[in-house]
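4 protein chains.
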Amino acid sequence: MRKYGIIGVGHVGATTAYTLVTKGIADELILLDDHNEAKAMAEKLDLEDAQARLDTRTRIKVGDYAELADADILFVTAGNIHALDNASGNRWAEFSYTREIVQDIAPKIKASGFKGVLIDVMNPCDCITYYLQQTTGLPQSHVLGTGTFLDTARMQKVVSDQFDVDPKNVTGYVYGEHGESQFSAWSTVRVNGLPIKELAADKDIDLNELEDAARRGGWAVHSGKGYTSYAIATCAVKLSQAVLADANLACPCSAFSEKYQTYVGQPAIIGKDGVVSVTELPLTAAEEAKFKRSAGLIREKFETLPGMAKKAVKTA
Amino acid sequence: MRKYGIIGVGHVGATTAYTLVTKGIADELILLDDHNEAKAMAEKLDLEDAQARLDTRTRIKVGDYAELADADILFVTAGNIHALDNASGNRWAEFSYTREIVQDIAPKIKASGFKGVLIDVMNPCDCITYYLQQTTGLPQSHVLGTGTFLDTARMQKVVSDQFDVDPKNVTGYVYGEHGESQFSAWSTVRVNGLPIKELAADKDIDLNELEDAARRGGWAVHSGKGYTSYAIATCAVKLSQAVLADANLACPCSAFSEKYQTYVGQPAIIGKDGVVSVTELPLTAAEEAKFKRSAGLIREKFETLPGMAKKAVKTA
Amino acid sequence: MRKYGIIGVGHVGATTAYTLVTKGIADELILLDDHNEAKAMAEKLDLEDAQARLDTRTRIKVGDYAELADADILFVTAGNIHALDNASGNRWAEFSYTREIVQDIAPKIKASGFKGVLIDVMNPCDCITYYLQQTTGLPQSHVLGTGTFLDTARMQKVVSDQFDVDPKNVTGYVYGEHGESQFSAWSTVRVNGLPIKELAADKDIDLNELEDAARRGGWAVHSGKGYTSYAIATCAVKLSQAVLADANLACPCSAFSEKYQTYVGQPAIIGKDGVVSVTELPLTAAEEAKFKRSAGLIREKFETLPGMAKKAVKTA
Amino acid sequence: MRKYGIIGVGHVGATTAYTLVTKGIADELILLDDHNEAKAMAEKLDLEDAQARLDTRTRIKVGDYAELADADILFVTAGNIHALDNASGNRWAEFSYTREIVQDIAPKIKASGFKGVLIDVMNPCDCITYYLQQTTGLPQSHVLGTGTFLDTARMQKVVSDQFDVDPKNVTGYVYGEHGESQFSAWSTVRVNGLPIKELAADKDIDLNELEDAARRGGWAVHSGKGYTSYAIATCAVKLSQAVLADANLACPCSAFSEKYQTYVGQPAIIGKDGVVSVTELPLTAAEEAKFKRSAGLIREKFETLPGMAKKAVKTA
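Protein chains in written order, with the UniProt record's numbering: chain A, 1 to 316; chain B, 1 to 316; chain C, 1 to 316; chain D, 1 to 316.
No wet-lab data here; the hints were simulated from the structure. From a predicted model like this one, the values you see are computed outputs, not experimental measurements. One thing to keep in mind: the hints can contain errors.
You can't tell identical chains apart in this list, so a pair holds if it fits in one copy or across any two.
[To be verified] Quick list of in silico lysine-lysine cross-link-like pairs, DSBU-like style, CA-CA up to 35 Å: (1) K310 <-> K23; (2) K272 <-> K203; (3) K23 <-> K197; (4) K310 <-> K272; (5) K23 <-> K290; (6) K259 <-> K292; (7) K272 <-> K168; (8) K197 <-> K61; (9) K61 <-> K203; (10) K310 <-> K61; (11) K108 <-> K203.
Chain A extracted, bound-state conformation (with noise of 0.2 Å):
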């Protein structure tokens, strides 16, 4: 049976929840919200409102952490979306909403017995996702961040748009920060199997513009709607799929890089155990710098967390 738990049941952790139990994606499924018990229930009720028109069944229960023990994917959405109404494509606006509110979870997941594979979705996710690494004492495989598998969508469907084909057409990844400091790493991009380096030459189509419309994705659904939630929430439940399924798919997310040292988007094999291991793609040395900065400035941001100074992180 595929058990899942859900932490924080805002705008993304219920459309989560709603995706995985109108696809019959789980059997069973877990919401906690200690800051809205009343909304996790409602949502409850609302999901299980509809199962007498869906196919199949999953069984929902709220708010007990020990439920967590057996779960096999564990989602974390817990934030404050309000905290970015005026943040101008600044996502580290939302931190210090974030950094208390890990920090109360924490805790209570690793008390939970949870051994499954954490999915981080809160923001900044690189760095929420590696202090949720170091205190829960999960295995650095086992804990891993949406990241840039949703920047990457957002490039896909950009580069799509302009070529008018399917967004699975375009192959590719954007890294770095799931923020503003991401990259699409163009060398690596193909549409229909060519490289978009070429293909923009010869159409005269320029990259920046692409980049950063698909870095700004966010926030143009942000600015319409107040949040973000569809795009988001599939993103999860495909990585969630992956790991059920030990699929070793190739998707871009927040990993961990031996390299810089800190969780980062990059492209990574998910199966089983989470992340099976990441790829290193031949990069331009311009991509290579911008990931490099990209990721030292999560870095810097997560050793403002509590207990995460330089010289306290020990990576499994």
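Using the hints, position chains B, C and D against chain A.
Positioned in the frame of chain A, the structure of chains B, C and D alone reads:
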């Protein structure tokens, strides 16, 4: 190709859109929201950002009513959920808003040349559904409301909790207004094939309490999350699937009653032309009286809509 | 993770495997066929060749019974369909083959340490299911047969054709042997919520003809394609989903009858431990007599299996 | 509504039908098999018997070519698999049968007034696809063959096994005939984003062996089960979904090559009009030579079909 339109991209409209996209049900989707086109555009973006991670593709467009001319299904979901914040269980509280909105929307639907099946999700559902049928000029069968399809799902959930079974083991119907005057027609309800009245007598279960829990189900969700979305979207999508597949599926919904000369929640058969027929089950005298009263309340409110006074109404 | 095993990779076993893979239901799948491991291997390859085109992944292994130790579900589908080629509607014609096969399979299941739920699809279904329960040492609830779940689906189809409605509008059950002595318990059957006996009386429909059409449904398929596969695989998978989700879903199937001391097709509730309970519906005296007779025939044949003579049987 | 037709209800046609029904993809399905209408009818029954257990409904009809007039998709799957039993890897062995069958089928398709997209699954695929395009009078874009879509999936599987990753991590294409003269264009193939040629050099992997394993994949399946069905049906359905959703999805398939004046397996973009375009990737000189040779073989056989001699061919 399956072409859907959605008017109103609030929580219900957006969740309906997400369901159609994430489950690969719609090939083409038109989002329309004159009062908040920015949100419609943001939902489009969020849904498109998801598509690189989905196995199917849905083409999404925003804002052009003319696209409805060859759509198969049109959901009308406009509303103002905040009208209900202090409504104490009275969906008519939304009527002062929605009666205005629907007068704006109906002529646009008519002008679009839409010829498919219109599924109304606006509240008060039965009254607005009737108005939409009268003003769009669509055949009676082509216009239906989600009505008690949702209330019946809630009844099934409440009953299934009582007996610890799958909600699909519970058959039978909630009749009447999608609102306070609705009732669970217990004479039609069976659990695992056994009449609930007998089970309730054996086990000393108070059916009035269960009925009240079903009726209040929506408010429980509303009070915890500020709106309802997942169950209603699931119901709306299921009705549309019955239409597209010409399933002749038995679904309670808001359909026209010849006897009571109004749209009202009752068992119906849903196929490619919408409501193929309504099913007359042998209700008890007390149930029939409740049904009559509920239908009367709807009809009364309906007649307060401009141009809908008694003599003007002609059923197609 | 959802782990499935299938013993016997003929038409039914292979179609079941394909269903689990193509719908992303199974995370891991073990195919076992001692009598045709080459076919099991070919089915594995064919299913794996499909996976580049599917959104989900299923890990497939062939031939190792030890893998069953931690499987959730085991389908047993071995048989010899050609035994039925001239059987004129008599599933017992397959018994001379399957009684040998099951004596080979049962000890291997036991030795594997399988602790999940066993769903038997072999024919004659009820008899073989009972034998598997007795010889594997699994708890009674953990062993069930597809039994009249398929025959009920056929009855629903035949009735739905008669009334031009969705088969899901037809509720009620076929009882007894998955074979000739089965019967449609018309007192339990409703169409769109209305008792079929009343509808039949109104419309001058011969229920005996419908019953016969349902009973002969499998033979109609068999005579045209040489075997049956899609409906039976769909039924088997649905039972397994009810187990994995702990759905407590009402399904007629071959479950143990305390009253008649044999496995026999009857309404049951299916949850995580298999058969949670059987549902005793108020049959007519004539129906009860048919049920008793059918159960008796099964029991009689069952006792011809080695070690299953009357006194040896002990129900868990 | 999505309306499908299938001509030829053997293993591939029936499995395709089951996939469309069990996944709720088709709203309406027409099964046509002049040579075995009893089997078509049996498959219809088996699929209908399944529908009481499925969440969706598909209306199925048998035998009326006129129904194709408004169908969206037509699969042509007729063949004689036994022609391959001693074929030693030569799909042309089936040609003596299929060249007759297709001369019978093509005029019936034309007479039906079918205007949708025809997806050919008959063997030898490229040759028959070309013939169907010429004789049905459908536009070139509206006729395609599954061609190397399946062979590419097999290459992805073989490569993914070598590297223990998800087959979807493997990108790139098999070109040429759906038959012996096909080849894996290794210059286009990447694993986890890395060029396979480099990975193979590093790890001392023989790409010729992998290519041979991919090419022989179908025969491995055939020798074990007597036919292939699951992967080919999955490929066919996926192509049709790209058409219905107007996805512009990159899929290698049998599409017309202007350069070589024949249908042949190559990367193409699939949208609502079928083949939107073919993608010219920069092959190596050796690959281009293989492609030319393979296309030449197809063209040569094609010209042996009645009326298809050189001068008669006019590309639309």
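Have a look at K310 and K272 and pick one of within, between, both or neither, based on CA distance no larger than 35 Å.
Answer is within: at 30 Å inside a copy they meet the 35 Å cutoff, but 48 Å across does not.
What label fits K259 with K292 when the C-alpha limit is 35 Å: within, between, both, or neither?
Within. Shortest intra-copy distance 9 Å satisfies the 35 Å Cα cut-off; inter-copy 46 Å does not.
Alpha-carbon proximity between K23 and K197, which holds within one copy, between copies, both or neither at 35 Å
Between copies, since 34 Å is at most 35 Å while 38 Å is not.
Can you tell me if K272 and K168 fall within 35 Å by alpha carbon in one copy, between copies, both or neither?
Both ways: K272 and K168 sit 24 Å apart in one copy and 17 Å across, limit 35 Å.
Between the shortest in-copy and the shortest cross-copy C-alpha distance, which are at most 35 Å for K108 and K203: within, between, both, or neither?
neither (54 Å within a copy, 40 Å between copies)
Same-copy or cross-copy closeness of K197 to K61 [CA-CA at most 35 Å]
between (50 Å within a copy, 29 Å between copies)
Intra- versus inter-subunit Cα pairing at 35 Å for K23 with K290:
neither (38 Å within a copy, 37 Å between copies)
35 Å Cα threshold - placement of K203 relative to K272:
The answer is between: 25 Å across copies meets 35 Å, while 42 Å in one copy does not.
My question is about K310 and K23: at a cut-off of 35 Å on alpha-carbon distance, are they close within one copy, between copies, both, or neither?
neither (43 Å within a copy, 46 Å between copies)
Checking an output row: K61 and K203, CA cutoff 35 Å. Within, between, both or neither?
Between copies only: 26 Å across, 54 Å inside.
Go through the copies and call it for K310 and K61: within, between, both or neither, with a Cα cutoff of 35 Å.
neither (39 Å within a copy, 46 Å between copies)
The structure does not agree with the numbered hints 1, 5, 10 and 11 stated previously, though it agrees with the rest.
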